[in-house]
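Enquirer: Using the hints provided, position chains B and C relative to the given structure of chain A.
Here is how the chains run, residue by residue.
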Amino acid sequence: MRKWFALALLIVLGFFLAEIASSFPFGQEKWGVSKHYVDRGIEENRGANLVTSIVVNYRGFDTLGEVTVLFLAATALAFLLSTCRCRRKYRRWDASLILKTASETLYPLLILFGAYIFIHGHLTPGGGFQGGTVIASAVMLMLLSYFSFHPNHRALSTTEGLAGLAFVLIGFAGLVWGGSFLANNILPLGQWNRLFSAGVIPLIYVAVGFKVGAELSGLITDMLKATKEEE
Amino acid sequence: MILEYFMLFLLFLMLALGIYAVETRDLLASVLAAGFISLVASIVYLYLQAPDVAMTEAAIGAGLTTLIFIIAVRKTERYEK
Amino acid sequence: MAFFVSSILLILIGLYAVLVKRNIMKIVIGLSLMDTGVNLLIISLGFIRGRTAPIINTRDLLVNTSSKVVDPLPQALVLTAIVIGVAVTAVALSIVMLMYSKKKTLEIDEYKELKW
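Protein chains in written order, with the numbering used here: chain A, 60 to 290; chain B, 16 to 96; chain C, 12 to 127.
Please keep in mind that the hints were generated in silico from the structure rather than gathered at the bench.
Check each hint, because a few of them may be wrong.
Claimed, not checked - In silico negatives: residues of chain C with every beta carbon more than 10 Å from chain B:
#, residue
1, Asp71
2, Leu72
3, Tyr122
As the list claims (entries may be wrong) - Calculated lysine-lysine pairs in the DSSO-like style (CA-CA distance at most 30 Å, straight line):
#, chain 1, residue 1, chain 2, residue 2
4, C, Lys32, A, Lys62
5, C, Lys114, A, Lys62
6, A, Lys89, C, Lys79
7, C, Lys113, A, Lys62
8, A, Lys284, C, Lys113
9, B, Lys96, A, Lys284
10, C, Lys115, A, Lys284
11, C, Lys114, B, Lys96
12, C, Lys115, B, Lys96
13, C, Lys113, B, Lys96
14, A, Lys62, B, Lys96
15, A, Lys284, C, Lys114
What the hints assert, rightly or not - Now the in silico label distances, taken between C-beta atoms and shown as ranges:
#, chain 1, residue 1, chain 2, residue 2, range
16, C, Met12, A, Tyr175, 36 to 44 Å
17, B, Leu18, C, Asn68, 20 to 28 Å
18, A, Trp236, B, Asp41, 54 to 62 Å
19, C, Glu118, B, Arg89, 12 to 20 Å
Note that the Cβ used here is the ideal one computed from N, Cα and C, for glycine as well.
If we strip away everything but chain A, and leave its shape as in the complex, we get (with noise of 0.2 Å):
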């Protein structure tokens, strides 16, 4: 009964979303505001990514409330998990010989390359939030290879902390001496696909990567702790 019911309904939704969506053409130029973000983005940040430009400076406050939600969900989740009382008790593991040594080997790799993504950030695919995930993915590997791994969870909180400041001191910086917050015009833009380019923007892009990359793997620690128990 309840099966035909939602049957229906999602046929009801279908058809008016494939209404909407018929309505724009497929593969054509349809530009709106981005017209402006693209013609004149290079003169006006001087970054290589028109993406990473959009990102950080047109639509830099939209980045910091994502920022802070990011921060918001993973305070709920370690509140949650703290009144949680499902710790079980495993028996100490240890991955295989050839897992450890792999992970070990890629461990400080993957961080540097996190670190290479969001450093160059405005000038090839990628920027902070890739970065951060790379960064948490490294931690991720090293959490499943090894038991005993434990990130520092003090530091990694202080690490987030001090990019979410950075971030918001860069805004204020902006609105104090160029005219409003997140303006890109208190460093010197510099040449176009130069790595020392594009004012604030590799600025804010580094303290998105920290941030983020910290707040993962700050995430991913807390749900593999809340879950396992040393026997």
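Expert: Chains B and C in isolation, oriented as in the chain A frame:
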């Protein structure tokens, strides 16, 4: 042309995996199918000229989301009644 | 067009799981499928045939840029939405773990405390 047929195949694969993930009784298989959907989606993003999004989806959808789902499945129970 | 159709179908599959399935893990998996479907729909709205990615790293892309690259705005929106999605999924799963530790069941029909 061959690339477009390959994309059609990938989209079809995503839908088939989605139905499998919803209908199977084994929650672990369901979680792995959902992770595979994310991996296929990152290839589709690459075809749609969105390399930034493809990187994020590959690292998050196939790595972190699958891990936290597996932790939750191990904590609760594996088979749906 | 196939991209629109399949992303809408993916959203509907996820919604079907949310509406019909009685297992809480299945509901969370359905939410995650809907997330992927919405992201795919937004990205395929910004795609323009025959254009390159919005990264201006060669000199001939510098002039008349808007006739050579795809729309970067949907990509910027989806980029942050994916990262938020994993955090929201983690919170949902921790709520599932908390509920399971109280009643030792994943069936949604067993949780009747809020019904009246």
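Enquirer: All the hints need checking, so say for each whether the structure fits it.
Expert: Comparing the hints with the structure gives:
no. : hint                              : in the structure
1   : Asp71                             : holds (17 Å)
2   : Leu72                             : holds (13 Å)
3   : Tyr122                            : holds (14 Å)
4   : C:Lys32 with A:Lys62              : holds (9 Å)
5   : C:Lys114 with A:Lys62             : holds (26 Å)
6   : A:Lys89 with C:Lys79              : holds (13 Å)
7   : C:Lys113 with A:Lys62             : holds (28 Å)
8   : A:Lys284 with C:Lys113            : holds (19 Å)
9   : B:Lys96 with A:Lys284             : holds (28 Å)
10  : C:Lys115 with A:Lys284            : holds (20 Å)
11  : C:Lys114 with B:Lys96             : holds (15 Å)
12  : C:Lys115 with B:Lys96             : holds (13 Å)
13  : C:Lys113 with B:Lys96             : holds (18 Å)
14  : A:Lys62 with B:Lys96              : holds (17 Å)
15  : A:Lys284 with C:Lys114            : holds (21 Å)
16  : C:Met12 with A:Tyr175: 36 to 44 Å : holds (38 Å)
17  : B:Leu18 with C:Asn68: 20 to 28 Å  : holds (23 Å)
18  : A:Trp236 with B:Asp41: 54 to 62 Å : holds (59 Å)
19  : C:Glu118 with B:Arg89: 12 to 20 Å : holds (19 Å)
Comparing the model with each earlier hint shows no violations; every hint is respected.
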